[in-house]
Amino acid sequence: MLKSMIYKEWLKIRWFLIGAAVAGLLVIAYMYMNTQRSITFGGASSVWYNIMFLNRMFYKILKYIPLLIGLGIGVAQYFPETVNKRIKLTFHLPILENKALLMMLGFGTASLLATYLLHFVVFWLLSSSYFGYEITNAALITITPWFLAGLAAYFFVALIVLEPIWMYRIFYSFAAIAFVPLYLNSGMAGAYAPINIQLVLLTLLISVSMLFSAYRFRKGEM
Amino acid sequence: MKNISRYNLIFVTIIALSVILPWMFWLSFEKPISSPYVMYSCVDDCFMIRGYENGTSVYSNEFGKTFTREEFEQKLPLLNFRQLMISKTLPDTIKGVEMDPHLVNSAGSFYRYKPEDKNSPKPGLYPMIESKSGRAKLEMPKDFFRIASRMEFIIADGNKLDEQKSVLFTEALQAKGFKFPAKMIEGLPTTRKSCDEGYFVVDNADQLFQVKMVQGQPYVKWIDIPKGLTFKYISCVDFRNKLYYCYLIGHDNSIFIITQDDYELERLPIEGFNSENQELRISSDLFNYNVIMLGENFTKVVALDDNRRKVAEYNQTWTKRALRPEGKAFSFLFPAEINLTDKYNSFINFYFHPTKGFNWLILHIILLISQFIIIRRRKANPKNHVVDFGIVLITGLFGFLAVNIFPNKFFD
Amino acid sequence: MNNVIECNNLTHYYGTKLVYENLNIHVKEGSILGLLGKNGAGKTTTINILNGFLQPRSGECLIYGENTQKLTPHTKGRIGFLIEGHIQYAFMDIHQIEKFYSGFYPNWNNKPYWDLMSKLKVTPSQKISTMSCGQRSQVALGLILAQDPDLLILDDFSMGLDPGYRRLFIDYLRAYAKSENKTIFTTSHIISDMERLIDDVLIMDYNRVLAQCPVKEFMQDFKQFNFTLDKDNIDLSKEKFVSNIEKVKNDVELYTYESEDFVKKFLDDNGVETKNFKKVKMNLEDAFIGLTGKY
Numbered sequence: 030m031l032k033s034m035i036y037k038e039w040l041k042i043r044w045f046l047i048g049a050a051v052a053g054l055l056v057i058a059y060m061y062m063n064t065q066r067s068i069t070f071g072g073a074s075s076v077w078y079n080i081m082f083l084n085r086m087f088y089k090i091l092k093y094i095p096l097l098i099g100l101g102i103g104v105a106q107y108f109p110e111t112v113n114k115r116i117k118l119t120f121h122l123p124i125l126e127n128k129a130l131l132m133m134l135g136f137g138t139a140s141l142l143a144t145y146l147l148h149f150v151v152f153w154l155l156s157s158s159y160f161g162y163e164i165t166n167a168a169l170i171t172i173t174p175w176f177l178a179g180l181a182a183y184f185f186v187a188l189i190v191l192e193p194i195w196m197y198r199i200f201y202s203f204a205a206i207a208f209v210p211l212y213l214n215s216g217m218a219g220a221y222a223p224i225n226i227q228l229v230l231l232t233l234l235i236s237v238s239m240l241f242s243a244y245r246f247r248k249g250e251m
Numbered sequence: 016m017k018n019i020s021r022y023n024l025i026f027v028t029i030i031a032l033s034v035i036l037p038w039m040f041w042l043s044f045e046k047p048i049s050s051p052y053v054m055y056s057c058v059d060d061c062f063m064i065r066g067y068e069n070g071t072s073v074y075s076n077e078f079g080k081t082f083t084r085e086e087f088e089q090k091l092p093l094l095n096f097r098q099l100m101i102s103k104t105l106p107d108t109i110k111g112v113e114m115d116p117h118l119v120n121s122a123g124s125f126y127r128y129k130p131e132d133k134n135s136p137k138p139g140l141y142p143m144i145e146s147k148s149g150r151a152k153l154e155m156p157k158d159f160f161r162i163a164s165r166m167e168f169i170i171a172d173g174n175k176l177d178e179q180k181s182v183l184f185t186e187a188l189q190a191k192g193f194k195f196p197a198k199m200i201e202g203l204p205t206t207r208k209s210c211d212e213g214y215f216v217v218d219n220a221d222q223l224f225q226v227k228m229v230q231g232q233p234y235v236k237w238i239d240i241p242k243g244l245t246f247k248y249i250s251c252v253d254f255r256n257k258l259y260y261c262y263l264i265g266h267d268n269s270i271f272i273i274t275q276d277d278y279e280l281e282r283l284p285i286e287g288f289n290s291e292n293q294e295l296r297i298s299s300d301l302f303n304y305n306v307i308m309l310g311e312n313f314t315k316v317v318a319l320d321d322n323r324r325k326v327a328e329y330n331q332t333w334t335k336r337a338l339r340p341e342g343k344a345f346s347f348l349f350p351a352e353i354n355l356t357d358k359y360n361s362f363i364n365f366y367f368h369p370t371k372g373f374n375w376l377i378l379h380i381i382l383l384i385s386q387f388i389i390i391r392r393r394k395a396n397p398k399n400h401v402v403d404f405g406i407v408l409i410t411g412l413f414g415f416l417a418v419n420i421f422p423n424k425f426f427d
Numbered sequence: 041m042n043n044v045i046e047c048n049n050l051t052h053y054y055g056t057k058l059v060y061e062n063l064n065i066h067v068k069e070g071s072i073l074g075l076l077g078k079n080g081a082g083k084t085t086t087i088n089i090l091n092g093f094l095q096p097r098s099g100e101c102l103i104y105g106e107n108t109q110k111l112t113p114h115t116k117g118r119i120g121f122l123i124e125g126h127i128q129y130a131f132m133d134i135h136q137i138e139k140f141y142s143g144f145y146p147n148w149n150n151k152p153y154w155d156l157m158s159k160l161k162v163t164p165s166q167k168i169s170t171m172s173c174g175q176r177s178q179v180a181l182g183l184i185l186a187q188d189p190d191l192l193i194l195d196d197f198s199m200g201l202d203p204g205y206r207r208l209f210i211d212y213l214r215a216y217a218k219s220e221n222k223t224i225f226t227t228s229h230i231i232s233d234m235e236r237l238i239d240d241v242l243i244m245d246y247n248r249v250l251a252q253c254p255v256k257e258f259m260q261d262f263k264q265f266n267f268t269l270d271k272d273n274i275d276l277s278k279e280k281f282v283s284n285i286e287k288v289k290n291d292v293e294l295y296t297y298e299s300e301d302f303v304k305k306f307l308d309d310n311g312v313e314t315k316n317f318k319k320v321k322m323n324l325e326d327a328f329i330g331l332t333g334k335y
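Residue numbers (the numbering used here), protein chains in the order written: chain H, 30 to 251; chain G, 16 to 427; chain L, 41 to 335.
Simulated from the structure, these hints should not be mistaken for lab results. A couple of the hints might just be wrong.
Claimed, not checked - Once the Cα atoms are required to be at most 30 Å apart in a straight line, the calculated DSS-like pairs of lysine-lysine come out as: (1) G:LYS398 to L:LYS151; (2) L:LYS110 to H:LYS114; (3) L:LYS278 to L:LYS57; (4) G:LYS137 to G:LYS358; (5) G:LYS147 to H:LYS117; (6) G:LYS147 to H:LYS114; (7) H:LYS32 to L:LYS315; (8) G:LYS129 to H:LYS248; (9) L:LYS334 to H:LYS117; (10) L:LYS161 to L:LYS151; (11) G:LYS17 to L:LYS315; (12) L:LYS167 to L:LYS256; (13) G:LYS398 to H:LYS92; (14) L:LYS68 to L:LYS110; (15) G:LYS17 to G:LYS129; (16) L:LYS318 to H:LYS117; (17) L:LYS78 to L:LYS167; (18) H:LYS128 to L:LYS139; (19) L:LYS305 to L:LYS319; (20) G:LYS257 to G:LYS325; (21) L:LYS315 to L:LYS334; (22) L:LYS319 to H:LYS248; (23) L:LYS305 to H:LYS114; (24) L:LYS68 to H:LYS248; (25) L:LYS315 to H:LYS117; (26) G:LYS157 to G:LYS147; (27) L:LYS78 to L:LYS305; (28) G:LYS208 to H:LYS128; (29) H:LYS32 to L:LYS139; (30) L:LYS110 to G:LYS424; (31) L:LYS280 to L:LYS218; (32) H:LYS89 to G:LYS129.
As the list claims (entries may be wrong) - Far from chain H by the CB rule (all over 10 Å, computed), these chain G residues: (33) ARG97; (34) TYR126; (35) LEU140.
The beta carbon of each residue, even a glycine, is placed where N, CA and C say it ideally should be.
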C-alpha cells in the first residue's frame, strides 16, 4: 500500500521535483561561476575580505529558491487532490485516512528534503573548495533557515489547499504570510546561529498541519 | 492528531502575530526620541547641551542658561573649529594654547561603541597586514589567519595552508606562553589606517597578547593585566595622536585603554557603564575627553582632562518609549512583543519583551467574553473550549486571532 | 439476511435548511437499491454520509454493522465507490491507475478491467483527463470490477454518458451483481436506466421520503388515472388519497395508491362527473414524476 501511495505522489510531482533539483543546481553553479569570476578579476583575497568584512553574501541569489521549490511541490502534490474533491478517492481506500495523509506528506517531505540535501551538500562542497571553513560555516548557518522556509511553505500549502472553505483558506494564508518571513530576515552571515534550532522545532510543529484541514474536509465542512 | 495539529498551528501563529502586530503598531505610531547632545566646554568648563523641544534645537548649558546657535558653537571651539574660522570668531588661544589647526586636528578623536558590535558573529579569519613593509601605503595580504588549535595562515587563492608561516607564528606564540585556542581576536582589518598595530588576542587562559607581523616575522607581546580580569570586548583604534592602541571593556563593564609603547593597562574613571544595553561615545580634543553613555532613557556624560582624570559629570533622563503616549497605548493592547532583531545584538533570535504592568488584562478579558459569545452563537458547548479560553486570556489579541483562524469545530 | 446498509433516524440540515429528518434506509445483502429524487432532495447528502464524508446532524448510518463515520480499512475494502461524474485521478493513464489501485486490494483481479479496457479506443499512455465522459466511465467501471467489492455505492453513474454507454454499464452491473450476490446502492437522474437496474426504490422529495419499497410493488400500487371534468367544481388536491394531481383546464391527471374503484366511488360520492376516465400505464419515470410532481 505504501508503494502505491508513493507511486501516485511520484506521478504528481516527478517533473517538478526533477526540474527543481536541476534548477537549484544551476543556480548554485551560476553562483560559483560568478565567484570564480570575481576571484579571477579581483583576486581571491579581496573576495574573501569582501565576504568576511564587507558582508558580501555571494549566495544571496539562493535566498528564495528553496521557498519557491517548497511552494511548487506543495501545489503540484495537493492541488490535483482538490480538483473535483478527488481526495475522496484516497479517503475511500482501505487504509486509515490519517495514515494515507501521512504517507502523502511523508513522501512529499522526503522528496523535498532530498532535493534540499542535494543543494546543501553541493553548496557545501563548492564553498569548502573555495573558502576557509569559517566562511563556509557562516554561509551554511545563513542558508539553513532558507531551506526551513521552503519546508514551512510546503506544510502551509498542504494545509491551505486541503481546507474546504475559502474564507479559512484566506485566514490560513494570512497566518502563513505572518510566519514564513521569520525564516527570511536579513542579517549578517552567521547571524541566524542562535535561532536555527528553534526554527527547526517550529517547522516540525507545523509539519502535520494538513491533518487539521483534511479532517475538516472529511467531516463535511463543505 | 487533529487537535495536536490545531494547537501547533495556534502556537506558531501566536508567535508570528507577536512579531508582526507590534511591528505594525510601531510602524504606524512610533515617534522619534531624540537624545540630547552633550559636550564639555573647555571655554566655560561646564557641559553644553543641545536638546530638542517641539522639533527645534535648544542650546543651553548644564545650569539652564540658553544660548543662540552661534554662542553655543563658540563655547565648543575645538568641535566647531572650521565654522568659527569662517565666521572669524575663533580665539587665538584657549587656555594658553595657540589654536593651530594641525594641533587641533591631531588631538581630535572619536570612538563609538554599540552593544551590537560586541554581540555579533565573528569572521574567524583575519588578514595579518605587514606593519613595516617600507612602503608608504599598507597592503592587504593574500592570506588570512585563524588561531584555533594553532595559528594557521590560509592562502586565499586556492584555499591552501601555508604550513611554514603557520609553524613560524605558532611557535612564536607558544614561546610567549600562549594557550590555544584564542578566545578573542580584535584589530583593524583594513588598510585605511595610518599604521598597522596587528591584533589584540585573548588566549584560552584569558591572557592578553599583541600579535603583529614585522618584515615577515612574528611579533608577539604579552601584556600584563591584573589577575582575574577578563574582557568582554576589545576595540582597536587608529588615532592620529597615537596615545593608545585600543579600548577594552572588562567583564565588570569597566573601561580600559592600553597605552602605546609601554602597554600600560589604564582604567578610565567611568562608573555605571553597562556594555549590554548602552552606547558609548568617546571623543577627545586638545583639552578633554568626553565620555558619553547613552541608555534607553538617560544619558550620562563624564568629562576627563587630558591625563584622563575625571573632571565633571552630567546626567539627564527622559521618558522611555514605554511611558510615552504611544507606549502606554501599546501596553493596553499587547502583553508582550517578540522581535527577531534587537538593537543591542546583531544575532537573529526570538527577543522576548514582556509589557510592564497589566493594562492589557482589560483587553484580554473583553476578548475572552467575545470568544465566549462567539462560541455560544455557534451553539457549541463552552466546556469543550476551555483551553481556547485560556489561550485568549493569557495571550490576548494574538490568541484570539489564532483560535479563530483555526476554528475549534470538531465532532466526536 | 442482514442489512448491508442501515440508516436510522438520519437527520441533516444545511445551516438552518432541513434536508431531511428521521430518514430510515435499509439495504439487504444482494439487493439493488435506487435512490431517486429531484436535485436538492438530499441524494448526494446521503451518499456523502454513507461514505463518511459528512457527519449527519443526528442519527447514524451503518455499513456491515460499522458506523460510516468510522469505517475500518477492512470494511472500506469491501465497498466500491463511484463518484458523481466518474471522478478519478485523471492525471494517470489506464496502466498507471490500475497499478495504483491494485496495491490496495489483496483480491485485485485485473482481468475484467483489461477486458473493458480492450474495448476502449485509447492509446496506452493517454491520460484519463483527455478521455471522453463515456471512456472515463468505462475506466471507473473496470476499476470497480477489478476490486470485486461486496457493496457498490454509485453516485449518479449515468451522468454525462450517452445511451450506448449507459446501457453497457447497466447490463454489466446487473449481471455482475446478480451472479456474485453483490449489493448495490445507486442514484441516478435517468430513471429509465434505474428501472432496468434496481430491485428496490427509495424516492425522496424535499424533507421526506415518499416511497421505500421494491420497484415491482411500487409500480403495482402507484397508479395514474386520467379524466376530464365536466365542471371544475372540486379541489381534489387536498384529498388524502391524492398523492399528486396535475390539472390543465379540465383535464386531470390523478396519482394515487388507491384502487380504481375507490377513486370512482369518491367521484360519484362527491357528485363529480367525468369523461374519458382511464387508468394510465406508467413506467418508473412517469411514476416518479407523478409522485414528486413536475417543477
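Quick rundown of the hints versus the structure:
1. G:LYS398 to L:LYS151: violated (55 Å)
2. L:LYS110 to H:LYS114: holds (20 Å)
3. L:LYS278 to L:LYS57: holds (26 Å)
4. G:LYS137 to G:LYS358: holds (18 Å)
5. G:LYS147 to H:LYS117: violated (79 Å)
6. G:LYS147 to H:LYS114: Given pair LYS147 (chain G), LYS114 (chain H) is violated - Cα atoms ~77 Å apart, limit 30 Å.
7. H:LYS32 to L:LYS315: Violated: LYS32 (chain H) and LYS315 (chain L) sit about 72 Å apart, past 30 Å.
8. G:LYS129 to H:LYS248: violated (57 Å)
9. L:LYS334 to H:LYS117: Measuring from Cα to Cα gives roughly 34 Å; hence the hint is violated.
10. L:LYS161 to L:LYS151: holds (18 Å)
11. G:LYS17 to L:LYS315: Measuring from Cα to Cα gives roughly 68 Å; hence the hint is violated.
12. L:LYS167 to L:LYS256: violated (42 Å)
13. G:LYS398 to H:LYS92: Violated: LYS398 (chain G) and LYS92 (chain H) sit about 46 Å apart, past 30 Å.
14. L:LYS68 to L:LYS110: This hinted pair holds, its Cα atoms lying about 21 Å apart.
15. G:LYS17 to G:LYS129: violated (47 Å)
16. L:LYS318 to H:LYS117: Given pair LYS318 (chain L), LYS117 (chain H) is violated - Cα atoms ~50 Å apart, limit 30 Å.
17. L:LYS78 to L:LYS167: Since the Cα atoms of LYS78 (chain L) and LYS167 (chain L) sit roughly 34 Å apart, the hinted pair is violated (cutoff 30 Å).
18. H:LYS128 to L:LYS139: holds (20 Å)
19. L:LYS305 to L:LYS319: holds (15 Å)
20. G:LYS257 to G:LYS325: holds (21 Å)
21. L:LYS315 to L:LYS334: holds (24 Å)
22. L:LYS319 to H:LYS248: Status violated; Cα separation ~48 Å.
23. L:LYS305 to H:LYS114: violated (55 Å)
24. L:LYS68 to H:LYS248: Cα-Cα ~27 Å, so holds.
25. L:LYS315 to H:LYS117: violated (56 Å)
26. G:LYS157 to G:LYS147: Given pair LYS157 (chain G), LYS147 (chain G) holds - Cα atoms ~16 Å apart, limit 30 Å.
27. L:LYS78 to L:LYS305: Answer violated: LYS78 (chain L) to LYS305 (chain L) is near 33 Å, above 30 Å.
28. G:LYS208 to H:LYS128: Roughly 66 Å separates the two Cα atoms, so the pair is violated.
29. H:LYS32 to L:LYS139: At roughly 10 Å apart (the allowed maximum being 30 Å), LYS139 (chain L) and LYS32 (chain H) satisfy the hint.
30. L:LYS110 to G:LYS424: Measuring from Cα to Cα gives roughly 18 Å; hence the hint holds.
31. L:LYS280 to L:LYS218: violated (39 Å)
32. H:LYS89 to G:LYS129: Holds. LYS89 (chain H) to LYS129 (chain G) sits at ~27 Å (cutoff 30 Å).
33. ARG97: holds (31 Å)
34. TYR126: holds (19 Å)
35. LEU140: LEU140 (chain G) not clear of chain H: closest Cβ-Cβ about 5 Å, inside 10 Å.
When each numbered hint is compared with the structure, violations occur for hints 1, 5, 6, 7, 8, 9, 11, 12, 13, 15, 16, 17, 22, 23, 25, 27, 28, 31, 35.
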